[in-house]
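Participant: Chain by chain, the residues run as shown.
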Amino acid sequence: MAFRLRQKGYRGSITMIGDEVWPPYQRPPLSKKYLTGELARDRLSLKPAETYEENGIELLLDRRVARVDRAARRVFFDGNDDNSLDYETLIFATGGRPRQPDDLGDTLPENIFTLRAISDADAMRERLAPGKHLLVVGGGYIGLELAAVARKRGLKVTLLEQAPRILGRVACSQTADYFRHLHTENGVTLREGVSIESFEGPEQRPSFVKLTEGDEVSFDVAVFGIGLLPNDTIAREAGLECAGGIIVDGWGRTSDPDIRAAGDCARLPYRGDMIRLESVHNAIAQAEHIADDIVCPGGPSYAPVPWFWSDQYDCKLQIAGLNLGYTKVVTRPGTKPGAFSNWYFKGEEMIACDAINDARSFMMAKRWLAVAHRPCPELICDPSWDLAKF
Amino acid sequence: MVKIIYVEADGTERAVDVAEGHSVMEGAVSNGVHGIVAECGGACSCATCHAYIDVSWLEKTGLAEGDEADMLEFAHEPKPTSRLICQIEVTSDLEGLRIEIPDEQA
Numbered sequence: 001m002a003f004r005l006r007q008k009g010y011r012g013s014i015t016m017i018g019d020e021v022w023p024p025y026q027r028p029p030l031s032k033k034y035l036t037g038e039l040a041r042d043r044l045s046l047k048p049a050e051t052y053e054e055n056g057i058e059l060l061l062d063r064r065v066a067r068v069d070r071a072a073r074r075v076f077f078d079g080n081d082d083n084s085l086d087y088e089t090l091i092f093a094t095g096g097r098p099r100q101p102d103d104l105g106d107t108l109p110e111n112i113f114t115l116r117a118i119s120d121a122d123a124m125r126e127r128l129a130p131g132k133h134l135l136v137v138g139g140g141y142i143g144l145e146l147a148a149v150a151r152k153r154g155l156k157v158t159l160l161e162q163a164p165r166i167l168g169r170v171a172c173s174q175t176a177d178y179f180r181h182l183h184t185e186n187g188v189t190l191r192e193g194v195s196i197e198s199f200e201g202p203e204q205r206p207s208f209v210k211l212t213e214g215d216e217v218s219f220d221v222a223v224f225g226i227g228l229l230p231n232d233t234i235a236r237e238a239g240l241e242c243a244g245g246i247i248v249d250g251w252g253r254t255s256d257p258d259i260r261a262a263g264d265c266a267r268l269p270y271r272g273d274m275i276r277l278e279s280v281h282n283a284i285a286q287a288e289h290i291a292d293d294i295v296c297p298g299g300p301s302y303a304p305v306p307w308f309w310s311d312q313y314d315c316k317l318q319i320a321g322l323n324l325g326y327t328k329v330v331t332r333p334g335t336k337p338g339a340f341s342n343w344y345f346k347g348e349e350m351i352a353c354d355a356i357n358d359a360r361s362f363m364m365a366k367r368w369l370a371v372a373h374r375p376c377p378e379l380i381c382d383p384s385w386d387l388a389k390f
Numbered sequence: 001m002v003k004i005i006y007v008e009a010d011g012t013e014r015a016v017d018v019a020e021g022h023s024v025m026e027g028a029v030s031n032g033v034h035g036i037v038a039e040c041g042g043a044c045s046c047a048t049c050h051a052y053i054d055v056s057w058l059e060k061t062g063l064a065e066g067d068e069a070d071m072l073e074f075a076h077e078p079k080p081t082s083r084l085i086c087q088i089e090v091t092s093d094l095e096g097l098r099i100e101i102p103d104e105q106a
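Those protein sequence lines, which keep their order, are chains L and D. Residue numbering for the first sequence is 1 to 390, as defined by the working numbering. Residue numbering for the second sequence is 1 to 106, as defined by the working numbering.
Hint data in this document are derived by calculation from the structure and do not stem from the laboratory. One or more hints might be untrue.
Claimed, not checked - Residues on chain L that point at chain D, a partial pick, calculated with CB under 8 Å:
#1 49
#2 191
#3 195
#4 198
#5 227
#6 280
#7 284
#8 306
#9 309
#10 363
#11 364
#12 383
#13 384
Unchecked claim - Mimicking DMTMM-like on lysine to aspartate or glutamate, the simulated pairs with C-alpha atoms at most 20 Å apart in a straight line are:
#14 L:8 / L:53
#15 L:47 / D:68
#16 L:8 / L:88
#17 L:47 / D:8
#18 L:336 / D:68
#19 D:60 / D:17
#20 L:8 / D:103
#21 L:33 / D:17
#22 L:47 / D:20
#23 L:8 / D:20
#24 L:8 / D:93
#25 L:336 / D:17
#26 L:8 / D:10
#27 L:33 / D:73
#28 L:156 / L:192
#29 L:336 / D:8
#30 L:33 / D:68
#31 L:336 / L:288
#32 D:60 / D:103
Unchecked claim - To spell it out: a stretch of chain D is covered by chain L in this simulated footprint if at least three of its residues, at any positions, have a beta carbon under 8 Å from a beta carbon of chain L; those stretches are:
#33 70-76
#34 92-104
Glycine included, every Cβ here is placed at the ideal spot set by N, Cα and C.
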């Protein structure tokens, strides 16, 4: 957002405040190539450090905002009321934090993790030694990616999902079936529909879990991937309308016209629903849309074509659209071995596509969603019908 | 460091030094070259680091293959010289590499 504002000619001062010590960085590699060690820390940075100054963007790192006084248009930093900053426009780009397990207290034991920040990945990597046993709690994309990384490093992996199946919240059963098979084939013990009753062993270093079914699973390291909570506390305390995220309109405006919100922390209108969009694409696109509106108001409302990706073992998953409220799924065989795509329909409307090793289907779906094209399900299922000839 | 010449869509030439082992995409992003979005950060998943390789360099960079070629087929105005530049690793062989950036990404 800050760089887009400058690019569009914004002349006011810009200050970015972040509570981490690192300049803004990419988070997706934390559960992928950063955790495996293939990508060094300096390559995570979104921009080189000097470009902030070059663009007149002041970066305040390792600083936490405690509260916002909307009447005075001022933000106050932790602990010290003399320490504050005034604003004309305030942007919440506060992201989210991992949902924490209920019964482990405020500070997790030393061998139990959640993953969101560089510090989490660094701490976890040290413990992911070959031969150790990793317990993954949660069968969403983060959990599955972590399981894949750990298997690659030679750990024993058990993944527990409380719901009847993995990816229950985000994908159809056909996609889930593929990933269950992929992980099982790669040696992950994957158990669905099981809940943890308690963590057992030393308090600072539990060594096994008791399941509600009665049996036990031992582990050396455990990681929770059970969802993200939006960082909307400061906004809520400032009296902004929030409902599991900061409520914004199609221009990122909160209930206070001088305050906007973008990315994981915002709840935004999407095709008649109010949703949060946890994706890199949205973090960039929504922020740029808001920056454009600040510099040059009056443009159309934000209408994203969401997309996501996940890398697990040698499998590439690309998702276009959101399958919210789907009524039907059809499968298209890919043109290469191991490639296929699941297409989601809501009535007659194609709303999303999970493309597995099938970049062509992903690209076509993304393009169709952008122009609201309604492909016919029967044609999609027909592999002899070439997407490129459309 | 290896010199890479990025030609932005409006014709502006940007010659920048990029570390060996990094990708040609990272060289563009970290030097603020316009027109390279690289949403996925180099995972060959988004097709927003599309660029055209100067024909004389194709032998050294190679042509797009596999997933990369599949995505390029649906990119904005693909050509036979198209590559996703996150998939090109910078090596000393590429000193002086010249690439042109399209006016739009997928």
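Participant: For every hint, state whether the structure bears it out.
Facilitator: Hint by hint, here is what the structure shows:
1. Interface restraint check for residue 49 (chain L): the shortest CB-CB distance to chain D comes to about 10 Å, outside 8 Å, so the restraint is violated.
2. Hint on residue 191 (chain L) is violated. Least Cβ distance to chain D is approximately 29 Å, over the 8 Å limit.
3. Hint status for residue 195 (chain L): violated, given a least beta-carbon distance of 33 Å to chain D, over 8 Å.
4. Using the Cβ-Cβ criterion of 8 Å, the hint placing residue 198 (chain L) at the interface with chain D is not satisfied: the shortest such distance is roughly 38 Å.
5. The criterion of a C-beta within 8 Å of any C-beta in chain D is not met by residue 227 (chain L), whose closest approach is roughly 22 Å, and the hint is violated.
6. Annotation: residue 280 (chain L) was flagged as interfacial toward chain D, and the flag holds, the nearest CB pair being 6 Å apart, inside 8 Å.
7. With 8 Å as the threshold, the beta carbon of residue 284 (chain L) comes within range of chain D, its nearest partner Cβ sitting at about 6 Å, so the hint holds.
8. Given the 8 Å rule on beta carbons, the hint for residue 306 (chain L) is violated: about 12 Å separates it from the nearest Cβ of chain D.
9. Given the 8 Å rule on beta carbons, the hint for residue 309 (chain L) holds: about 4 Å separates it from the nearest Cβ of chain D.
10. The beta carbon of residue 363 (chain L) is positioned within 8 Å of a beta carbon in chain D (closest approach about 3 Å), and the interface hint is therefore held.
11. Among the interface hints, the one on residue 364 (chain L) holds; its C-beta lies about 6 Å from the nearest C-beta in chain D, closer than the 8 Å criterion.
12. Because the beta carbon of residue 383 (chain L) sits about 15 Å from the nearest beta carbon in chain D, more than 8 Å, this interface hint is broken.
13. The closest approach between the C-beta of residue 384 (chain L) and any C-beta of chain D is roughly 17 Å, which is over the 8 Å cut-off, so the hint fails.
14. For the proposed pair residue 8 (chain L) and residue 53 (chain L), the alpha carbon gap of about 17 Å is at most 20 Å, so the pair holds.
15. Taking the CA atoms of residue 47 (chain L) and residue 68 (chain D), the gap is near 25 Å; set against the 20 Å cutoff, the hint is violated.
16. Taken as a hint, the residue 8 (chain L) and residue 88 (chain L) pair is honoured in the structure, with Cα atoms around 18 Å apart against an allowance of 20 Å.
17. Straight-line distance between C-alpha atoms of residue 47 (chain L) and residue 8 (chain D) comes to about 19 Å, which keeps the hinted pair within the 20 Å bound.
18. Between the alpha carbons of residue 336 (chain L) and residue 68 (chain D) the distance comes to roughly 14 Å, so the proposed pair stays at or under 20 Å and holds.
19. Only pairs whose Cα atoms come within 20 Å are accepted, and residue 60 (chain D) paired with residue 17 (chain D) is accepted, the gap being roughly 18 Å.
20. Between residue 8 (chain L) and residue 103 (chain D), the direct Cα distance comes to roughly 17 Å. Compliance with the 20 Å bound is thereby established for this hinted pair.
21. The straight-line distance between the Cα atoms of residue 33 (chain L) and residue 17 (chain D) is roughly 24 Å, outside the 20 Å bound, and the hint therefore fails.
22. Pair hint residue 47 (chain L) plus residue 20 (chain D) holds up; C-alpha atoms about 18 Å apart against a cutoff of 20 Å.
23. A C-alpha spacing of about 32 Å is found between residue 8 (chain L) and residue 20 (chain D), which places the hinted pair above 20 Å, so the restraint is violated.
24. Taking the CA atoms of residue 8 (chain L) and residue 93 (chain D), the gap is near 37 Å; set against the 20 Å cutoff, the hint is violated.
25. Between residue 336 (chain L) and residue 17 (chain D) the alpha-carbon distance is near 38 Å, which puts this suggested pair outside the 20 Å criterion.
26. Distance check on the hinted pair: residue 8 (chain L) and residue 10 (chain D) sit about 16 Å apart at the alpha-carbon level, within 20 Å; holds.
27. With a CA separation close to 27 Å, the supplied pair residue 33 (chain L) and residue 73 (chain D) exceeds the 20 Å bound.
28. Distance check on the hinted pair: residue 156 (chain L) and residue 192 (chain L) sit about 18 Å apart at the alpha-carbon level, within 20 Å; holds.
29. Straight-line distance between C-alpha atoms of residue 336 (chain L) and residue 8 (chain D) comes to about 35 Å, which puts the hinted pair past the 20 Å bound.
30. Restraint check for residue 33 (chain L) and residue 68 (chain D): the C-alpha separation of about 19 Å stays at or below 20 Å, so the hint holds.
31. A hinted pair counts as satisfied when its Cα atoms are at most 20 Å apart, and residue 336 (chain L) with residue 288 (chain L) does not qualify at roughly 37 Å.
32. A threshold of 20 Å between alpha carbons decides the hint, and for residue 60 (chain D) with residue 103 (chain D) the separation of about 25 Å lies outside it, so the pair is violated.
33. Only residues whose beta carbon comes within less than 8 Å of a beta carbon in chain L count, and the segment 70-76 of chain D has 5; three or more means the coverage holds.
34. By the rule of at least three residues with a Cβ nearer than 8 Å to a Cβ of chain L, the coverage given for the segment 92-104 of chain D is violated, with 0 such residues.
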